[in-house]
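Student: Protein chains in written order, with my numbering: chain L, 7 to 434; chain H, 123 to 435.
Source of the hints: derived by calculation from the structure; they are not laboratory data.
Cross-link-like lysine-lysine pairs, in silico, BS3-like; alpha carbons within 25 angstroms at most: (1) L/Lys195 - H/Lys326; (2) H/Lys326 - L/Lys274; (3) L/Lys405 - H/Lys218; (4) L/Lys274 - H/Lys331; (5) L/Lys274 - H/Lys306.
Beyond 12 angstroms from chain H on every Cβ pair, some chain L residues (computed): (6) Gly36; (7) Ala121; (8) Phe180; (9) Arg223; (10) Ile228; (11) Gly245; (12) Leu256; (13) Thr258; (14) Leu271; (15) Ala296; (16) Arg303; (17) Pro372; (18) Ala380; (19) Ile427.
Note that the Cβ used here is the ideal one computed from N, Cα and C, for glycine as well.
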Amino acid sequence: MSEAILIQNGRVIDPSRGIDAVQDVLVKDGVIAAVGKNLAANGAKTVDAKGLVVSPGFIDLHVHLREPGFEYKETIATGSMAAAAGGFTAVCCMANTKPVNDNASVTRFILEKAAAVNGARVHPIGAITKGLKGEELAEIGEMKKAGVVALSDDGRCVMDARVLRHAMDYAAMFGLTIVEHCEDEHLVKGGIMNEGETSARLGIKGMPAIAEDVIARRDIDIAAYLKRPVHIAHISTLGAVESVRAAKALGTAVTCEAAPHHFSLTEKSLETFDANCKMNPPLRTADDVAAVKEGLRDGTIDCIATDHAPHATWEKELEIDQAPYGIVGLETALGLSMRLVREGLFGLPRLVELLSTNPARIFSLPGGTLKEGAPADVCIFDTEKKWTVDPAEFVSLGKNSPFAGWELFGKNCLTIVGGRIVYNPSNL
Amino acid sequence: METVEKKFRGRHLLQIADLTADEIMGLLNTAYKFKDVSEREIKKVPTLRGKTIVNLFYEPSTRTRTSFEIAGKRLSADVINISTSSSSVSKGETFKDTVLNIAAMKPDAIVVRHGSPGAPAYAARIAGCSVINGGDGANAHPTQALLDLMTIHEKKGTVENLKAAIVGDILHSRVARSNINALKMFGAEVTVCAPPTLLPHGVKALGVKVTHDIREAVADKDVVMMLRIQTERMQQGLFPSLREYSEHFCLSAKVLKSARPDVLIMHPGPINRGVEIASDVADGPYSLILSQVTHGVAMRMAVLYLLCGGAES
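Bound conformation, chain L alone:
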């Protein structure tokens, strides 16, 4: 059994219970034992959190841990530790591994690997269709029994609306939410960056925003028709954000996430032809960035998820049309999200909602709260800590970040998962 920990005098922010006050948090036997003022240590290890924020650990609904199959990019162990470093106590890993997580044995493999790691919890997301081919349903019931928390063909859109319709209906029997990568593959074929003024000038093949808009709208319509939930991954366009906003107003069970790069960068970053700015969905226009920010502020967008997509350095040094899509995100998510707080877009409680409370709710995951009896998944972060992004210092094997050299404010200091300290570099 892990030792008891008393976190003292931190600014405790727990939107699940409307708490934002300087208090103590006592962790014991792997769960939150008490939250209140002047709690007695009674022999517990004490952590001085004065001047720091104590919040339920962050939960990332969208990461790629690459194992099995692409261990040179990332492993479950390195990804889980990178998550812990970033303040995440749980991550949901996408199914596009090799083999694909479209059956219970791959799910069990991932969970066995994860159990041996002293980092963030790892929740596998199962494939919607066999081999991510978008044709036949994967063995969803078997995977549910093995431990998947949601279903997605992420990286690919389920292009056949009939297949998606059946997937939503079938998954409902197991209480699983469908997570859609909204992208009409015909409209983006061969595309590298957002289609628009910058791609016109650079002569780079474009991926139009409408490829995301039309599928988001289609998926919302299908979900509304079936009265089933759908979660839209990495929302990036003004059109998709507006569709979600309208659907929510009508009571459709649609949720969505946004990635930090989609509210931090625009398509102009591609002017240097840097493959670290190549991702899918691509970096969009300033109008899209503004729409994503507004969505995060007004509740249209439910959570921040990183789409952490580690690649080997040499892969990102390939020609831009051959380099793979995606960037790492676990260790820069807090700092980039804190920019929105510092801009005055919203306060820290909303930030914790976006990074912890809401993601826990969307997939019904443990954590996301400091309620007594809840798993002791906690992070302590310093909102004022100024640091410079240096990918060489990432715990993740992936160093592919367009944010190298950025000065950010806000860094995670300590991470507790299930009552055990898994990250505490400055020995608080």
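Start from chain L and add chain H according to the hints.
Tutor: Only chain H this time, still in chain L's reference frame:
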């Protein structure tokens, strides 16, 4: 000349925006001097003796590769050609490794032709010698734009404030992008003409006028540049047939009647006779197509000379 040389030595030529209008005029003046070399019986000057130029071509090319090769050889440089079929690229070596290995053999300049936009820019960051963009995807083809400017300049005596039309597959054309940038640097008004499917979404960002009517495009223009149409675009569903394309966008003698009597007709080649340009127009009195090719050698001699710093050796 002295100051022009010093400003260029050791630099890269990746896109027109790397140059100022003054520098372009410097290149033009240098190219005129070298044009004579190609007219002599002994077509060689010792200017770049002892210099090594590597043509690294990842795409098939006759004109550009030969042009750079002849340019280098007429300046007495050692010119080595590497194309994808004969290098270790076919063994799966990355672009980065190929560039680093060539760079390790200490060339003075590498000319990079590549299907991927930005590949020459990447090579420039790691090569440690001058890198010249010999065409990268649909991004840029700066030496083509420079030789086109020279061709116009020779005929008109100026490249200032021209009215120009570029007709054809603008979407996929690096020649169009570099020429638009170069012409506009000298105050040109540029009109592009193509079916909407062969124009980039966001074409306004190029700072050009747009028309789908070739008669309107050529009317009142100093220069009309035609672009090659590739059958591949038909397979991509961007237009229905070459027949229908040429019905609307072929520069025929009839269309040419809408043009000014002193219009210059250009084409970067290779031309499709009867598709984007009628045979009699290509061979006709307004056509500068072969003059462009001749100027290509002179302009590339100027570029190699100035970038490789031949004056000092």
